[in-house]
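Asks: Keeping their order, the protein sequence lines are chains P and B. Our numbering numbers the first residue of the first sequence as 12 and each following residue consecutively. Our numbering numbers the first residue of the second sequence as 12 and each following residue consecutively.
Since the hints were made in silico from the structure, they are not lab data. A hint or two may mislead.
Below, simulated DSS-like cross-link-like pairs (lysine-lysine); rule was C-alpha separation at most 25 Å, straight line [to be verified]: (1) B/K72 / B/K332; (2) P/K290 / B/K460; (3) B/K535 / P/K290.
Where chain B lies over chain P, by a calculated footprint (3+ residues, C-beta under 8 Å) [as the list claims (entries may be wrong)]: (4) 51-57; (5) 88-96; (6) 105-118; (7) 124-132; (8) 310-321; (9) 337-346; (10) 365-373.
No residue lacks a Cβ here, since even glycine has one placed at the ideal position from N, Cα and C.
There are 2 protein chains.
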Amino acid sequence: MSKFCIKIIIVIFSLLILFTGAVFASNTDKNPSMTHHMMLLVIQLGIIIFAAKFGGIIFDKFLKMPAVLGELFAGILIGPYLLGSIALPGFSHGLFEMAGSFPISTELYGIATVASIILLFLAGLETDFAMFLRFSFAGSLIGIGGVVFSFVTGDLVAVFLSNLISDKPIGFMHPIALFLGTISTATSVGITARILSEKRKMDSPEGVSILAGAVIDDVIGIILLAIVLGISSALTGSGGSHNLDWSKIALIAGKAVGFWLIATVLGLIFAKKIAAFLKKFSHGVMASIALGFALLLAGLSEMAGLAMIIGAYIMGLSLSKTDIAHVIQEKLSPLYHFFVPVFFTVMGMMVDFSAFSSTNIILFGLIYSVTAVISKMLGSSLPALFMGFNLRGAIRVGIGMVPRGEVALIVAGIALSAGLIPPSIFSIAIMMTMITTLFAPPALVWAFKSDKRGTKKEVSTKGEEIEVLEMEFRNIQTTNMLMESLLSSFKEEEFFVHMIDINCRLYAILKDDISVSLRHYPTKVLIECNNKDLQYIKFIFAESILELVEIINEIKDSSDLKQKPKDLFSI
Amino acid sequence: MSKFCIKIIIVIFSLLILFTGAVFASNTDKNPSMTHHMMLLVIQLGIIIFAAKFGGIIFDKFLKMPAVLGELFAGILIGPYLLGSIALPGFSHGLFEMAGSFPISTELYGIATVASIILLFLAGLETDFAMFLRFSFAGSLIGIGGVVFSFVTGDLVAVFLSNLISDKPIGFMHPIALFLGTISTATSVGITARILSEKRKMDSPEGVSILAGAVIDDVIGIILLAIVLGISSALTGSGGSHNLDWSKIALIAGKAVGFWLIATVLGLIFAKKIAAFLKKFSHGVMASIALGFALLLAGLSEMAGLAMIIGAYIMGLSLSKTDIAHVIQEKLSPLYHFFVPVFFTVMGMMVDFSAFSSTNIILFGLIYSVTAVISKMLGSSLPALFMGFNLRGAIRVGIGMVPRGEVALIVAGIALSAGLIPPSIFSIAIMMTMITTLFAPPALVWAFKSDKRGTKKEVSTKGEEIEVLEMEFRNIQTTNMLMESLLSSFKEEEFFVHMIDINCRLYAILKDDISVSLRHYPTKVLIECNNKDLQYIKFIFAESILELVEIINEIKDSSDLKQKPKDLFSI
């Protein structure tokens, strides 16, 4: 015990010396500009990593809510509008002081920007657009319906309630209205996918349609961002008159869509060449250079008046059809895990908490959020009703499409940093993202409580019976080896393998009318499929296991290992 | 062929539209500040990744020279002092324009700073200082000798040749002289280790002493940086009089060493607690939080008037003795591979090429570089002569200690960004780093040409006979599994396992007077050890293989896999 006491005394004493020394030294620094900037960046980044991880863990493990909410909340808490501006010894303006009118420093925003590019590049890489279109016509209509409804209503909320957020009336084509519409469009399917997977409903007709809908959703949302950015900068360019004739708007929209098409066509034409070129390098270098391409195309698309994430997404989309997509995904996933929580926390830090002291802003935020929930549900449910779903099924699809996520945050961040929306509107966008993300999980659980089918026709009942294959393994390595063998078996059988959620390793595996979902736990593999496909999937599964056994046999029986210990001593 | 022509036409046409659109759009941007900054950062980062990877590959694969030189050269080429300032459409000041008097933007320098922290954190994590000290008294003396000689001569070059670089005479305690001394101290052992490993000389007495010397070297070099920073800021604080009495210098040095000791003691006291705390999380989260700690301690040490890398290094050193060191290393290695080449290229970009138009600067740089080579050789060789090496052995040790690397660059970057040295001196530091790095490989090959022993006593001849165990395996997975089993076997036998080079997966494995080196190729494991230890090492190797066979047997024979295909169809 006395040893412990001495330790404690040493620690307290040392901390005191360190701290007084630190404060003293920081006051006498004579050439502070660059060094001080860097010190601030490094301390901020350290604190952000802590905040992001703890926020994420508290929400995920203890509150059983999506980790992204915890990361956002942590950011709000430590940001310049709350704790960040409290003066500390050595930081007279707080740890996270405002950088002029912008809530965070350019260095920190730079890291968040790189994060958003990695995010959208990987999102594009996961998306085989053509395959998805062919696979799900229903999904496309559901996605388009959701986008149109939520864009229009999001915009109209700003128009009708403009007195709550502005002194002047806001028209439909006002940048604030346009951005509130755009922010409301893109569904973030990760949370829905995780819950469907837990409820074993990933491969229900509802699940498949939601996944397909969310893909279309992303693409349209990003094109919409391009158009809205064009219109907004044309409007601010015309002296803020907020009057543009429709021919001019059509021209801008045409230009944005044209850029999108040209870049995508170029991407697809070059994809094979780029892939062939990248294959000359080791996997790590390949992934780095691919990221280099994504960064360059992102910069070019910004130069062309589109947003950077559009270029990053198109680069990902272009490479998604090549056989190196999986390798790039895997090699960049550690960067994703480092950058993306930082991104969400930085977005949270940009929330102007003081905005919520105005009841007008809170009221507007609540109405906007509720509208975002209802409009997405309506917009996605209505087409679903015409695509073979009954009311129950349509509601399930609608709820699944409600959560907004990273794309909404990125779009809001772009608009804020370009000065097209004020901080209060940015804060409302984050509020909406959080509310829709909070709404979806319990609502989905409720909607899938009944086991009754969600489709109209009796015929599809057979397909609706989901079978679950679950296999436990002894150790992580065997499981990893099996997963690799399994994914390549599916690809050999010409299935389309799509990683939906990078955090919980969830895959959608599709071919013609067969839809399988696969979840990779540390020592468990879980497959869900329709009853009708069970024998086929079992066959592929068994084949993969036998393949693995064969490999292991080969290793074991060959002179490779067995002989080696003898070799060692017979030399 | 006509299809190909159409493709080409589409591509050219599209590129033209994209490009003119891009240039046009970028000229009409009305709210450029933040958005423009971010666009520039993203494009710059993309180009830096390309430059770093291609520079590295060209030097490594084609010129058979260290990749780091290629990364530096690529940086010099694309930097603001050469190609970077050429005006391009949309970039009237070039892609990499000067940020005021500093060659690169704060956002880019921020990314380089984070890279330097990751680098030194991992360097600390690889270093089990106490073990190394106990292991090699010779190594400590060799390291200290090299540091003292190269610091003093590096400083004196500035004093005696001050007329070449300055209008005013430079004293021994002038910041420029002190930094030229400090930059010259820290050996970068990666290149030497790679060549020794290729020549099968890692476990020669020379090899072991070089490795130990380089560890001591790093530690002293970083303490020296702390002292020099303290003196420099005190000097600039005293109105540039450049007069400090020795009692004041002793005080500053005492403070710097004191901080170092206190932080290290605190680190060691808390290490187990931090490790126990970190173990509560998954491996990925654990590594992120550990990096968060490193960033925070880095920021605190900057506040205390020490450099950031000192805090990062101490954090690594503290955790190096815990059992999670290996996990953190492994999880952060993708971040290392992304950030570190960017760091080297950014350092290259900061080289003021115009400085070399002055013959004075070139002359000074050459003399400084040659002095750096000779002083390190002398400083390390002399103690070696007293530690049982003959002249041949001492020269080998001296040459092995010559290359300078990342620590020299980081120190130079710190001094430049704090305004303590002018750009021309920074450029000279890079020149010295490159020349010493170029010098070592051929010189080492020459020094080890003769197979004669490098030690005085006949007794050690037996130890000098290096035995090589080489094992090929069928696939990467088996090799990885064996490596894991092998490393844990060595650790169980109470060996100290030290990863020397992250790029070529080179390990030094030490216990008492046994020294083993291990190199992990994709499908090959190569072990070198002394003749006298061969049987023991063979035993450990065989044990690991048998362990692996057992694991594989277990997997194979257990119901785990064999039964599974049957299970699938018997349900």
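Asks: Which earlier hints can't be squared with this structure?
Replies: Violated hints (numbers, rising): 1, 2, 5 and 10; every other hint is consistent with the structure.
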